[in-house]
Amino acid sequence: MGTLRELWQYRDVLVNFVRRDLKLRYKSSVLGFVWSMLLPLAQVVTFVIIFKYIMRLGEENYSVLLMSAFFPWMFFSQAVLDGAVSFAANVGLLKRVYFPRLILPLTTLGSNLVHFLFAMLVLCIYFAYVRVTVNWGYLPLAALAMVIQVAFTFGLMLFVGSLSVFYSDVKFLLTAVFQMWMFFSPIVYPVRKVLETGMFPQWVKTAYFLNPMTPLLMAYRGVVPLNEPHKLLPQYWQFLGVSAAVAIAVLVIGYVVFRRYEWEFAVVG
Amino acid sequence: MAREPAVSAENVSRRFVVPHHRAYTVKQAVLGAIRRRGRDEFWALRDISFEVPAGQMLAVIGRNGSGKSTLLRIVGGIYRPTSGRVRTSGRVVGLLELGIGFQPDLSGRDNIYLNASLFGLTRRQVSERYDQIVEFAEIADFVDAPLRTYSTGMAARLAFAITTQIQADVLLVDEVLAVGDRQFTLKCIKHMKKLRNSGVTIFLVSHDLPRVTELCSRAIWLEQGALRMDGPAASVVNAYVRHYSAPRLATS
Numbered sequence: 011m012g013t014l015r016e017l018w019q020y021r022d023v024l025v026n027f028v029r030r031d032l033k034l035r036y037k038s039s040v041l042g043f044v045w046s047m048l049l050p051l052a053q054v055v056t057f058v059i060i061f062k063y064i065m066r067l068g069e070e071n072y073s074v075l076l077m078s079a080f081f082p083w084m085f086f087s088q089a090v091l092d093g094a095v096s097f098a099a100n101v102g103l104l105k106r107v108y109f110p111r112l113i114l115p116l117t118t119l120g121s122n123l124v125h126f127l128f129a130m131l132v133l134c135i136y137f138a139y140v141r142v143t144v145n146w147g148y149l150p151l152a153a154l155a156m157v158i159q160v161a162f163t164f165g166l167m168l169f170v171g172s173l174s175v176f177y178s179d180v181k182f183l184l185t186a187v188f189q190m191w192m193f194f195s196p197i198v199y200p201v202r203k204v205l206e207t208g209m210f211p212q213w214v215k216t217a218y219f220l221n222p223m224t225p226l227l228m229a230y231r232g233v234v235p236l237n238e239p240h241k242l243l244p245q246y247w248q249f250l251g252v253s254a255a256v257a258i259a260v261l262v263i264g265y266v267v268f269r270r271y272e273w274e275f276a277v278v279g
Numbered sequence: 032m033a034r035e036p037a038v039s040a041e042n043v044s045r046r047f048v049v050p051h052h053r054a055y056t057v058k059q060a061v062l063g064a065i066r067r068r069g070r071d072e073f074w075a076l077r078d079i080s081f082e083v084p085a086g087q088m089l090a091v092i093g094r095n096g097s098g099k100s101t102l103l104r105i106v107g108g109i110y111r112p113t114s115g116r117v118r119t120s121g122r123v124v125g126l127l128e129l130g131i132g133f134q135p136d137l138s139g140r141d142n143i144y145l146n147a148s149l150f151g152l153t154r155r156q157v158s159e160r161y162d163q164i165v166e167f168a169e170i171a172d173f174v175d176a177p178l179r180t181y182s183t184g185m186a187a188r189l190a191f192a193i194t195t196q197i198q199a200d201v202l203l204v205d206e207v208l209a210v211g212d213r214q215f216t217l218k219c220i221k222h223m224k225k226l227r228n229s230g231v232t233i234f235l236v237s238h239d240l241p242r243v244t245e246l247c248s249r250a251i252w253l254e255q256g257a258l259r260m261d262g263p264a265a266s267v268v269n270a271y272v273r274h275y276s277a278p279r280l281a282t283s
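For the record, the sequence lines run as chains U and R. The first sequence maps to residues 11 to 279 in the numbering used here. The second sequence maps to residues 32 to 283 in the numbering used here.
Read the hints as simulated data drawn from the structure, not as lab findings. Among the hints, a few may not be true.
Below, a list of computed lysine to any residue pairs in the SDA-like style, where the Cα atoms sit at most 20 Å apart [stated by the list, open to error]:
hint	chain 1	residue 1	chain 2	residue 2
1	U	K37	R	V48
2	R	K221	R	V165
3	U	K105	R	V48
Given the sequences, and given the hints that come with them, work out the whole structure.
In structure tokens:
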């Protein structure tokens, strides 16, 4: 309780930090935002060329399917990778002034969330442009999945952020992990392909859906016709439940680890 | 009736652990766990107790490494004491450095809001004091230019102008006086006197002993983390000077 009241007292620091991050990211211009979308859009175009035209996945609405999972994934991975240095990169500040340490990961989460919302705007425009029919009924599920994703993201940020104050190679390890994680999640290919493949035994498929990000990304894709998650996978709700449980567990563990070490951040650096 | 002290420290000690070889990476940590290594610890503060009544201006003196900055950080909430406790009443603001959080790529205006919020001012309070800050810093023509285009002097003036608007009950000042030219130092001192006279409790860490005697009513002298002397500023400074200028015949 006291923690929340203190955070409220320091809300202006949080707001100013988020504004600072966004201004530095966009260099205070609209063109800056376009610029910041350049890399993800280049990746989208590359995936579309490879999987739609070269590999011939034969998936309807491939680009829409790709983007509706890829943008939330970018938000997830960027927030966690930025979060890994949210304390380590600010040790100088932590040594010189007191403010609740939670402000730093909250800043990273906040600025990445705002950036994600801008990116979603781009996605909506694209949806309208290609005239895809939207399953509006699945928006509440997508919103629920986003809440779970944010909890999971913040828990991971607290955990890796606390560790990387002490160990400088955490971020390096994370980059490799996220690279693999992305391809083991349903982003560049449809879930159907994983279900249909005869190459994997059943337990590997189960493990695939136990990845907490899989049910979440499936939920976002649910707004695209023929991708309703529970029609693709009968046990979808159970896997979504597992994902939510993992997210909460990670949030609790991350918070406990952060609490355990937060007073060392200003000392170690 | 005695008023509640602004700051009270009860048996405050602080230990720092210095590993012989700190593991900077996960790899080193794993290897280090296999070949166990020793670590040193040292006590930056040992069993410090004092009470500061509201409105007092107190100097903390001592040689480098005597624990002055650690003490200020503990009172300011940046470090926690290893044992003992510090109690403060009212808003405590640490002024350990000027221009905290300054971003070279942001405008002067953005930096004012950013820096002031770190000193506990709300957006509204900054907006109300904004014109005063800009005027005091003499940067009116440059507020929308990025801070990196400012001269060192301009940036320092801006940083100081923001600190003059801090609202604090307890202010912790560390060596800020040492930076800048003479005129700047005099400005700082004038401002501190103003704060002192308006009833703000001030901790001043300084090596400028004549200044300490001039500004502060009380001084505490730290030596190797222990409280060596606590009393009226003039007598503590005198004892301190005598101690370090006396020939050390006994040791030779």
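The hints, checked one at a time:
As the CA atoms of U/K37 and R/V48 are separated by approximately 42 Å, the hinted pair breaks the 20 Å bound. Distance check on the hinted pair: R/K221 and R/V165 sit about 19 Å apart at the alpha-carbon level, within 20 Å; holds. With a CA separation close to 17 Å, the supplied pair U/K105 and R/V48 stays within the 20 Å bound.
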